[in-house]
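These protein sequence lines map, in sequence, to chains A and B. So the first sequence is numbered by the numbering used here: it starts at 1 and just counts up by one. So the second sequence is numbered by the numbering used here: it starts at 1001 and just counts up by one.
Simulated from the structure, these hints should not be mistaken for lab results. Note that the Cβ used here is the ideal one computed from N, Cα and C, for glycine as well. A few of these clues could be false.
[Said to hold, decoys possible] To be clear about the criterion: a stretch of chain A counts as covered by chain B if any three or more of its residues have a C-beta under 8 Å from a C-beta of chain B, and this derived list gives those stretches: (1) 129-140; (2) 150-159; (3) 230-238; (4) 280-289.
[Said to hold, decoys possible] A few chain A positions that, by computed beta-carbon distances, are all more than 10 Å from chain B: (5) Ala14; (6) Glu219; (7) Leu257.
[Stated by the list, open to error] A few chain B residues facing chain A, derived, Cβ under 8 Å: (8) Leu1095; (9) Val1112; (10) Asn1116; (11) Leu1117; (12) Ser1119; (13) Leu1120; (14) Ile1148; (15) Ala1266; (16) Ser1270; (17) Gly1275; (18) Leu1282.
Listed below, chain by chain, are the residues.
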Amino acid sequence: MIRSLALPILFGLAGLVLPFTGSSYLIGVGFALCCSIALVQSWTVLSAMTGYVSLGHAVFYGLGAYVVALSWGALPMPVGLLLAGGVAGVFALLVGMPVLRVRGPYFVILTFGLAELVKYLVIILESELGSFSRLMFGAPDLGVLYAIAFALAAIATAGALLIRRSRLGRGLLALRENEEAAETVGVPVVRLKLVAFALSAVIPGVVGGLAAMRTTYFEPMQAFDPTVSFTIVTMAVVGGSDDARGPLLGAAFFTILSEVLWARLPQVYMVVLGLLLILFVLFIPRGLAGIFAGRPGKAA
Amino acid sequence: MDVLLSGQLLFAALITGALYALIALGLNLVYGTMRLLNVAHGDLVMIGAYVAFWGLTLFGLSPVVGLVLAAAAGALLGWLTYLGLFRRLLASPQLMRRLEGNSLLLFFGISVILQNLASLAFTASARGYQFMDQVYRFGDVALTGNRIFVLVVAVAICAAVYLLLRFHVFGLAIKALIERRDAALIVGVDIDRVQLAAICLGFAIAAIAGVLVSTTEQISPFMGFPFTISAFVVIILGGLGNISAGLVAGLLLGVLEVYGVALTSAAYRSVLIYGVFIAILLVRPQGLLGRGSVVR
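Put together the whole structure using the sequences plus the hints.
Here's what the structure looks like:
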């Protein structure tokens, strides 16, 4: 317990100290890191705990961005962000019923297809509305955005830790190992899956809204970019998703890597990302967190 | 309404459908025999397209020769990835537990690498070349030579592979592996060799399809993704691993897409494809044309 809390606390302290550096470059990197942590932790609530691997979390991120863009100027910023999370959660509840009946590889490609479908529907809607990208004037400055992102990362990490230890988490793990057996012994699998799906959608919705404020514009192709979904999965694989440490390590690793390579050599960055993904899937399936735990490669 | 009944549109649908059937055939072979979800399939189409482009531009080789070169390049890539990655994946019981998920991640890695290496090597700009662009008329249907080329080659290769699977001993071994892996092993099928052959064949078919695409469209390092999606829609429509139903489903998707776009507008193309995709997954995950239920 102590061991598994050490790393989150370390990250938390670093995150609290960061604004005092006063460097907007560092705070910008911190913002990206916090957003990634929040996304990956949320993703693990569904995908690591239930085994329903979502390749479509970009849909929640994109919807959040769209809600914030639509409500920009009409609603106060905090209300817009809460609404973004709410809409993402409600959307997950609505589509979750049919979608979560589908399992295994079918679920993976279904979530991906769903995210793409919503993207193209939003594009059509936007062109019907006569708008091709939305600018958001008067977005809060970086310090404020960072504080919100940090809070989201902290909530997501604490949430992931708590859910694992809760009745809900145990139910989810049970249904991951064997859904029929779990159902037979009385785990309400349908309800639990749906709750996990909705919980894993809310924070990505808020993060999407926050990211739109950071870039100060909304454009569907970018907000619903499938790369968001893929990056989340890659971070989870490289970091490891067996406990709350993995997403922290995975997100930190890729944020640093992207700072070093993305700006100068974007294609090289992507090639490195692909190579790392292959390396970790084949040789280090428990991720960086598994190396830290001293048992690399051994299945949980 | 006249447009919808024209032979022109019918041929457009047939050509698109034959191309989809061909691309999906390769994907289905790899999924069927090994349960690998190849999300890099469209990138193999891209590789094939570049082989034809450079063959013609640098050495003046006709795309007909390009077909052979691309097939060889695809098979080589299949051989390399099988020996380097997938043999290991398929041999480890621990990784086998989540085989499809793991294979998807590995192929995603391969996809990202191929796209970005191609972009580094050839730049991201779109390229194209002229090939058989004279127009032939059949009654009220006007077709360019390259589109006839696409149709003829795609149909010929689909038919050849179908016959191979139906009658040749090697094809039968592939089919045995698709239908029941354990039983195939028991009756003495050399699973390792058959898997290697299936992945080489699947990759080669994708690369050949790339040559066909390059004769009619512009090519770029990131052109592959829509083909990956269409191929997945097709094999899900036909039922994963169901080869002959996949061929029919390819034609069906071609018809759906061409007539759907003609009825609405090009803006609805993606919505249409993804809509069909999701509807099938939700309602009949064993495939529209599949029989019985599948292990989900």
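Hints, verified against the model:
1. For the segment 129-140 of chain A, the proposed coverage by chain B is not satisfied: 0 residues have a C-beta within less than 8 Å of a C-beta in that chain, short of the threshold of three.
2. With 0 residues having a Cβ less than 8 Å from any Cβ of chain B, the segment 150-159 of chain A misses the three-residue criterion, and the hint is violated.
3. Note: the segment 230-238 of chain A has 4 residues with beta-carbon separation from chain B under 8 Å; the three-residue rule is met and the coverage holds.
4. A stretch counts as covered by a chain when three or more of its residues have a beta carbon under 8 Å from one of that chain; for the segment 280-289 of chain A and chain B the count is 3, and the coverage holds.
5. Annotated as non-interface, Ala14 of chain A keeps its C-beta farther than 10 Å from every C-beta of chain B; the closest such distance is 29 Å.
6. No beta-carbon of chain B is positioned within 10 Å of the beta-carbon of Glu219 of chain A; the least distance is around 16 Å.
7. A cut-off of 10 Å between C-beta atoms confirms that Leu257 of chain A is not in contact with chain B; the least separation is 14 Å.
8. The interface hint given for Leu1095 of chain B holds, since its Cβ lies 7 Å from the closest Cβ of chain A, which is under the 8 Å cut-off.
9. Because the smallest distance between the Cβ of Val1112 of chain B and any Cβ of chain A comes to about 4 Å, under 8 Å, the interface hint for this residue holds.
10. Among the interface hints, the one on Asn1116 of chain B holds; its C-beta lies about 4 Å from the nearest C-beta in chain A, closer than the 8 Å criterion.
11. Of the supplied interface hints, the one on Leu1117 of chain B holds, with its beta-carbon coming within about 6 Å of a beta-carbon of chain A, less than 8 Å.
12. Hint status for Ser1119 of chain B: holds, given a least beta-carbon distance of 5 Å to chain A, under 8 Å.
13. Because the smallest distance between the Cβ of Leu1120 of chain B and any Cβ of chain A comes to about 5 Å, under 8 Å, the interface hint for this residue holds.
14. Checking Ile1148 of chain B against chain A: minimum C-beta separation of about 32 Å lies over 8 Å; hint violated.
15. The beta carbon of Ala1266 of chain B is not positioned within 8 Å of any beta carbon in chain A (closest approach about 11 Å), and the interface hint is therefore violated.
16. Among the interface hints, the one on Ser1270 of chain B holds; its C-beta lies about 4 Å from the nearest C-beta in chain A, closer than the 8 Å criterion.
17. Hint on Gly1275 of chain B holds. Least Cβ distance to chain A is approximately 6 Å, under the 8 Å limit.
18. Because the smallest distance between the Cβ of Leu1282 of chain B and any Cβ of chain A comes to about 5 Å, under 8 Å, the interface hint for this residue holds.
When the structure is compared with the earlier hints, violations turn up for hints 1, 2, 14, 15 and for no others.
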